[in-house]
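So the sequences go chain by chain: A and B. Quick note, this note's numbering runs 26 ahead of the 1-based positions in the first sequence. Quick note, this note's numbering runs 64 ahead of the 1-based positions in the second sequence.
Hint data in this document are derived by calculation from the structure and do not stem from the laboratory. From the three backbone atoms N, C-alpha and C, an ideal C-beta is built for every residue, glycine too. Just so you know, nobody snuck in bad clues.
Using C-beta positions, here's what the derived DEER-type ranges look like:
1) A103(A) x E138(B): 19 to 29 Å
2) I277(A) x E138(B): 46 to 56 Å
3) L82(B) x G67(A): 50 to 60 Å
4) D218(A) x H132(B): 42 to 52 Å
5) G225(A) x A344(B): 35 to 45 Å
6) R253(B) x D62(A): 43 to 53 Å
7) F380(B) x I68(A): 36 to 46 Å
8) E111(A) x Q341(B): 35 to 45 Å
9) Q341(B) x G90(A): 15 to 25 Å
10) A103(A) x S297(B): 54 to 64 Å
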Amino acid sequence: MRKLIFATMVSLMSAVGMPGAALAASGGDVTLLKNDWSFAGIFGHYNKASMQRGFQVYLEVCAGCHSMKYIAFRNLADLGYNEAEIKAIAAEYEVQDGPDEDGEMFMRPARPADLMPSPYRNDNEARANNNGALPPDLSLIAKARAHGPDYLYSLLVGYQDAPASMEVPDGMYYNNAYSGNMIAMPQPIYGDDVEYADGASTSVEGLSADVTHFLMWAAEPKLEVRKRIGVAAVFFLSIFLIMSYLAKRRIWADVY
Amino acid sequence: MSAAKFSNPVVRWIDHRLPVFSMLDHTANEYPTPKNLNYMWNFGSLAGLSLVIMIVTGVVLAMSYTAHVDYAFESVERIMRDVNHGWLIRYIHMNTASFFFIVVYLHIFRGLYYGSYKAPRELLWILGVVIFLLMMATAFMGYVLPWGQMSFWGATVITNLFSAIPFVGESVVTFLWGGFSVDNPTLTRFFSLHYLMPFLIAGVVVLHIVALHRFGSNNPIGIDTKGRQDTISFHPYYTIKDMVGIAMFLLLLAIAVFFFPNAMGHPDNYIPANPMQTPAHIVPEWYFLPFYAILRAVPDKLGGVLLMFGAIAILFILPWLDRSPVRSARFRPVFRIFFWLLFIDALALGYLGAMPAEGIYVTLSRVATAWYFLHFLVILPMLGVFENTKPLPKSISEPVLATTGEAA
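Please put together the full structure from these sequences, using the hints given.
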């Protein structure tokens, strides 16, 4: 086994095929669409309305198969929900608690401090329900893929009919953003899958952009404060650099 | 040791019994430093600063980290999401690791260019190589701790290298792992050692500085200081000059931490470790890529491992490979060309280490690897004999005065 691992490393391995997982990258063309995200750039910030819509898309489209294990209901405050709204959202879920004083585990409505419950009890159940493929947890997906948000958006809008030259096996779907162009996830968004309360576009592109925005927040919830501190830090350190340099010039003036 | 020079009686009392103030005074005011050090001499203090940042942030991270295969990834996410400013501490730790290597690589190339490894500074140089080796081990083990996909598979690949050792290789690997695969015992021992080794580095840094202070810094001209006219006190001249470097370093670090915190990492490490699923491409952290390229350039496993470690080992004997009596590349026109070729070669190896080991990349890796060893084993010794060096100035103050005269 060790020799095998080493041999594969030396030849810089192609992915080891997992049952039902996407086929190994075979050089298919990959399309990456670049979007103008509000969270990009030095002064980047999240768009709360878009994140709330994206959360709705997640709940109604993605959450049937994809967990978000690292997100607690209380975190939804970042999306602009108030305490009562978060309590109401949490209360729609049942979570296991216990043991009570009789030693029994019991189910109770979720509270804001609870993590979002997963759709499946474990990975095996997830695979059994998804043709052998494991729907990945989405908490970090926007950071766990190269070009995170652009990639997720491209993937969601990237479902097409396969070119005639390509044979797509049963249970696989053609996608022009996915490495190898064959993905085990059926097209999740067709447009108008979700009814928005605020009248925003429910086109494939609109829904995909919103859920991507939400997923980026989930992966990097501290992005706004990070960039805010960053601007102050860079400003301060620039002044510090200039002052140090001027002081250096002055002190060194008598050396030569 | 004259305790009387301090006017404060408390300082005098302490210094008489514990001469820390005399030591500080010696370092800051008496220790003679060549007056012509350029900004390339900033990287020593910057490396020291990096080590301090790593230890401070690391100790804080360890307070919230859990070294267990089932909880490590989750505990890092807790740090990122729930610990107050945990994201900041972790991003500083991650990015300073990369900056530490940038600084140390520049420090090493500075030493190569100006011949800082030559007599009487051979041990100073060798201690530096020891620090570099300890840094690599520490960084490697630190990268395993978040227990992401690259953590796990990087650990698997690198520890497997030791199985190339004849006869005892397999036993050595089992010993490193604490079992028969990279698993919980591997993670816990890596955590323990990752916490220990920075302090070993700090110890060797002390020796490095003691050795430095024996003969003082080398300088861009590479000739010994000839007296007071060639030197200035460390404080305030080099404290303020180092301050400029520190400000620049912190500014660039802040830009990385706050605006591109994951640019020098790999996205796969945000996927929890999965021993059943190998990533499409296993790549080490960027600062290991040149050595990774050397490893893969050799078709034989043991040969690759030997060359990879040999690439570092060769630095230990560098003072005896380069026999040219002239230190600084400024007076070595041919060496200077080969220095820059080596620099390009190292960058090329870094690039090739990130590319898949197939097609033209394999050939290029072999050429670049061969050149690396050719430089140290053939070119440097030959240059020591055949190179016509330029005449050296009589003293540091002479050319310094001359050049400033021209510039003005």
